[in-house]
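K.L.:
Use the sequences and the hints to build the structure in full.
Just so you know, the protein sequences line up as chains A and B, in that order.
When you read off a place in the first sequence, starting at 1, and then add 971, the result is the number in our numbering.
When you read off a place in the second sequence, starting at 1, and then add 971, the result is the number in our numbering.
Hints listed in this document are in silico derivations from the structure and should not be mistaken for laboratory results.
Some clues are possibly wrong.
Unchecked claim - Here are the simulated lysine to aspartate or glutamate pairs, EDC-like style, with alpha carbons at most 16 Å apart:
{"hint": "1", "chain 1": "B", "residue 1": "1107", "chain 2": "B", "residue 2": "1252"}
{"hint": "2", "chain 1": "B", "residue 1": "1052", "chain 2": "A", "residue 2": "1185"}
{"hint": "3", "chain 1": "A", "residue 1": "1129", "chain 2": "B", "residue 2": "1081"}
{"hint": "4", "chain 1": "A", "residue 1": "1052", "chain 2": "B", "residue 2": "1252"}
{"hint": "5", "chain 1": "B", "residue 1": "1283", "chain 2": "A", "residue 2": "1185"}
What the hints assert, rightly or not - Each pair of labels, with its calculated beta carbon distance range:
{"hint": "6", "chain 1": "A", "residue 1": "1232", "chain 2": "B", "residue 2": "1282", "range": "21 to 29 Å"}
{"hint": "7", "chain 1": "A", "residue 1": "1175", "chain 2": "B", "residue 2": "1267", "range": "39 to 47 Å"}
{"hint": "8", "chain 1": "A", "residue 1": "1236", "chain 2": "B", "residue 2": "973", "range": "45 to 53 Å"}
{"hint": "9", "chain 1": "B", "residue 1": "981", "chain 2": "A", "residue 2": "1194", "range": "42 to 50 Å"}
{"hint": "10", "chain 1": "B", "residue 1": "1186", "chain 2": "A", "residue 2": "1194", "range": "30 to 38 Å"}
{"hint": "11", "chain 1": "A", "residue 1": "1173", "chain 2": "B", "residue 2": "1172", "range": "40 to 48 Å"}
{"hint": "12", "chain 1": "A", "residue 1": "1035", "chain 2": "B", "residue 2": "1196", "range": "52 to 60 Å"}
{"hint": "13", "chain 1": "A", "residue 1": "1175", "chain 2": "B", "residue 2": "1177", "range": "18 to 26 Å"}
{"hint": "14", "chain 1": "B", "residue 1": "1257", "chain 2": "A", "residue 2": "999", "range": "40 to 48 Å"}
{"hint": "15", "chain 1": "B", "residue 1": "1335", "chain 2": "A", "residue 2": "1236", "range": "51 to 59 Å"}
{"hint": "16", "chain 1": "A", "residue 1": "1258", "chain 2": "B", "residue 2": "1164", "range": "27 to 35 Å"}
As the list claims (entries may be wrong) - Partner residues aside, some chain A positions facing chain B, computed with beta carbon under 7 Å:
{"hint": "17", "residue": "1052"}
{"hint": "18", "residue": "1208"}
{"hint": "19", "residue": "1221"}
{"hint": "20", "residue": "1233"}
{"hint": "21", "residue": "1237"}
{"hint": "22", "residue": "1239"}
{"hint": "23", "residue": "1253"}
{"hint": "24", "residue": "1254"}
{"hint": "25", "residue": "1266"}
{"hint": "26", "residue": "1268"}
{"hint": "27", "residue": "1276"}
{"hint": "28", "residue": "1279"}
{"hint": "29", "residue": "1284"}
{"hint": "30", "residue": "1313"}
Note that this is a predicted model, so its numbers are computed, not measured.
Note that CB positions come from ideal geometry on N, CA and C, so glycine has one too.
2 protein chains.
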Amino acid sequence: MNTYFVVPQSTHNQLVENAYRHRGYTAQEASDGARFCELASTHGIRTHNAIKAIHLDELFGSKVGGCKPGATIEKLPGRFKAVQRWNANRKLGQSVAFEAMDCCMKMADEYGAGIVTVDNAFHYLWGGGYVINAAKKGYIAYTCCTAGTSEVVPFMGKHPTMGTNPHSWAFPTQDQIGFPICIDWATSTVAMGRVQQLAREGKQLPPGAAVDAEGQPTTDPARAKWLLFFGQHKGYGLALVNELLAAFTGSGIPFLRGKWNEGPAGEKHTPHFFFQCIKAEALSCDNFPCGRNQKTNVQAVIKDILGHGNDKVMLPGQLEAEGARLTQQHGGLLFTKAEMDAFAEMARECGASPWKESDFKQVSI
Amino acid sequence: MNTYFVVPQSTHNQLVENAYRHRGYTAQEASDGARFCELASTHGIRTHNAIKAIHLDELFGSKVGGCKPGATIEKLPGRFKAVQRWNANRKLGQSVAFEAMDCCMKMADEYGAGIVTVDNAFHYLWGGGYVINAAKKGYIAYTCCTAGTSEVVPFMGKHPTMGTNPHSWAFPTQDQIGFPICIDWATSTVAMGRVQQLAREGKQLPPGAAVDAEGQPTTDPARAKWLLFFGQHKGYGLALVNELLAAFTGSGIPFLRGKWNEGPAGEKHTPHFFFQCIKAEALSCDNFPCGRNQKTNVQAVIKDILGHGNDKVMLPGQLEAEGARLTQQHGGLLFTKAEMDAFAEMARECGASPWKESDFKQVSI
Chain A
972 MNTYFVVPQS THNQLVENAY RHRGYTAQEA SDGARFCELA STHGIRTHNA IKAIHLDELF
1032 GSKVGGCKPG ATIEKLPGRF KAVQRWNANR KLGQSVAFEA MDCCMKMADE YGAGIVTVDN
1092 AFHYLWGGGY VINAAKKGYI AYTCCTAGTS EVVPFMGKHP TMGTNPHSWA FPTQDQIGFP
1152 ICIDWATSTV AMGRVQQLAR EGKQLPPGAA VDAEGQPTTD PARAKWLLFF GQHKGYGLAL
1212 VNELLAAFTG SGIPFLRGKW NEGPAGEKHT PHFFFQCIKA EALSCDNFPC GRNQKTNVQA
1272 VIKDILGHGN DKVMLPGQLE AEGARLTQQH GGLLFTKAEM DAFAEMAREC GASPWKESDF
1332 KQVSI
Chain B
972 MNTYFVVPQS THNQLVENAY RHRGYTAQEA SDGARFCELA STHGIRTHNA IKAIHLDELF
1032 GSKVGGCKPG ATIEKLPGRF KAVQRWNANR KLGQSVAFEA MDCCMKMADE YGAGIVTVDN
1092 AFHYLWGGGY VINAAKKGYI AYTCCTAGTS EVVPFMGKHP TMGTNPHSWA FPTQDQIGFP
1152 ICIDWATSTV AMGRVQQLAR EGKQLPPGAA VDAEGQPTTD PARAKWLLFF GQHKGYGLAL
1212 VNELLAAFTG SGIPFLRGKW NEGPAGEKHT PHFFFQCIKA EALSCDNFPC GRNQKTNVQA
1272 VIKDILGHGN DKVMLPGQLE AEGARLTQQH GGLLFTKAEM DAFAEMAREC GASPWKESDF
1332 KQVSI
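P.N.:
Laid out in structure tokens, this is it:
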């Protein structure tokens, strides 16, 4: 059992908006930023909540020029009607991602599928949030991005010339199983934050997760310097997909990503976003077996995968759905004591009214 | 050094066409089938060449109704202009896949991207071939399919309710590095053929590749009964992508795939194909760093990934490109003695003129 503080969504969002406004972001950006952090915390995502969002802005965002408050997205004209090309001009990642996914859905309504590729982006935090949102509206949604910095060694290599390049897919399965199936992970075996956590706890890394400063594989988190891709050449290949989509769009060389003071003048240091939506009904061949329709067919397929004694098998997105259920059950976002301390600090920093633990209900889960 | 027989493409294709014609396929299907097998063997793909193609037809194709010679693809009308839905009516997989990829390219020319989703399909052999072909024409190409049978246990499960569901991506990088980068693999750690090979050779499986009849992990290929996905929940998630695209399109329940005599009447037993092309120029934001253009930017990115001492790092598609180089160097497709025996048998079976080793040049490589 852990104790959590129950924070009403409106209270959370007001603080996060204040924090973004204090950093110079527009009202719309602050609202998008808060809305996204609410989405993450609603689903129990602790690694990419408001605390991480403001921390990212501090380290890589408005303070150092990686993100530009009030920037305008430049939507390039083009003759291809199902693909849009945007220059985000380093606008807040959450604002760009929400708008890009909306745009993909509109294109999908007309053409069956739509893509937005985004140059000059900033971090969008948790790709799963955007695809879950789109799946809930009836789309098969996908996003990938290049990570903000290069810390992963390509398969058979020694030097970290790639990022943790994540992929996120979601499918509109909420009517069948109560939540959208969401496949969402980085291509590195573990995140650098996990390495640091294991080092603090004196635990070992799984094999194939990291190398030391000499490029030799290690399971000792204290000696781990760089990450490895999951699944050897397969994870490396998946990470190349993000990097090549970025390269064809306009990103610079990967080793210099996020390193604003390195490399030649004129090189780019920004990440890239890629979004796609497919309208679920656009895929239907209208000939489902045994008299099923698209929804009941998807349900039958999922039931079969989890059947035959596979009762321990989980569906990707299930943990996030369980997070959302707990949020609903307790009537607010759930935060730990350490997270509440971080919110109190956030409130002090942006001059909001003091954040007092005693103002919030506590629950044991 | 191994000895290979050098078989001129036209000689190879004529035999393969004869073999398909003998099995009742149309001239166009036989030509597509042969062209595809040439493509695979050109790239050194030994697992999915003509011998495998005819073997597949024998076991799962025209002999048992899984594939229907002379079938007509039904292209369903629809209002979504960048997505086509096809009922392949179990037509030969190579014919369907070539035509679907051509259709994706045409849609991409007009809309920037195009998708073809295919219900009632048969095996298309090697997804890499189709995406490499499209990449050579300037497209970022992708395909995935559901495998013909369920032999992989989902993560945390005990029963094989899923297939080896492969994914294939290719990028038009031939002008930069001489070949399209092609990321192409199954989502199982190894293929069942590999398990059988290791059993014959008395070798062990890698950990996480297979389970025994009781669903317990094993590295003993003799006890291995079912396969596992690579990368635990990540490979499982990737395989779910194929299965869900299939379910939304019209495929039946996965455990019954390929099992024509099991399950209720009206259930489907066919695999599903998904194809997508994006026109490379449709992604360009026209603002490449340091005065580079799209091509030189992609080149700079690839060079950086392989730089910084990463000289042992390979690019996916490099082995296939080396295969193609050897084919060109020796002026024909390269086959082993065992493969030549299989071709001789194929010639006997279809009543073609005898296939004599002495008619072919030999090389040591």
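K.L.:
Each hint: holds or not?
P.N.:
Here is how each hint holds up against the structure:
1. B:1107 with B:1252: holds, 14 Å
2. B:1052 with A:1185: violated, 52 Å
3. A:1129 with B:1081: violated, 43 Å
4. A:1052 with B:1252: holds, 13 Å
5. B:1283 with A:1185: Roughly 15 Å between the alpha carbons, so the hint for residue 1283 (chain B) and residue 1185 (chain A) holds.
6. A:1232 with B:1282: 21 to 29 Å: Between residue 1232 (chain A) and residue 1282 (chain B), where Cβ atoms are some 27 Å apart, the hint holds.
7. A:1175 with B:1267: 39 to 47 Å: Holds, at about 44 Å.
8. A:1236 with B:973: 45 to 53 Å: holds, 52 Å
9. B:981 with A:1194: 42 to 50 Å: violated, 58 Å
10. B:1186 with A:1194: 30 to 38 Å: holds, 36 Å
11. A:1173 with B:1172: 40 to 48 Å: holds, 41 Å
12. A:1035 with B:1196: 52 to 60 Å: Between residue 1035 (chain A) and residue 1196 (chain B), where Cβ atoms are some 55 Å apart, the hint holds.
13. A:1175 with B:1177: 18 to 26 Å: holds, 20 Å
14. B:1257 with A:999: 40 to 48 Å: Violated - the Cβ-Cβ distance for residue 1257 (chain B) and residue 999 (chain A), about 27 Å, lies outside 40 to 48 Å.
15. B:1335 with A:1236: 51 to 59 Å: At 53 Å between Cβs, range holds.
16. A:1258 with B:1164: 27 to 35 Å: Check passed, 32 Å falls within 27 to 35 Å.
17. 1052: Interface hint status for residue 1052 (chain A): holds (5 Å vs cutoff 7 Å).
18. 1208: holds, 4 Å
19. 1221: holds, 4 Å
20. 1233: Violated. Min distance 12 Å.
21. 1237: Hint on residue 1237 (chain A): holds, closest Cβ of chain B at ~4 Å, below 7 Å.
22. 1239: Interface hint status for residue 1239 (chain A): holds (4 Å vs cutoff 7 Å).
23. 1253: holds, 4 Å
24. 1254: holds, 5 Å
25. 1266: Cβ of residue 1266 (chain A) sits 9 Å from chain B, so the hint is violated.
26. 1268: Nearest chain B Cβ about 6 Å off; hint holds.
27. 1276: holds, 5 Å
28. 1279: holds, 4 Å
29. 1284: holds, 4 Å
30. 1313: Residue 1313 (chain A) check fails; min Cβ-Cβ to chain B is 29 Å, beyond 7 Å.
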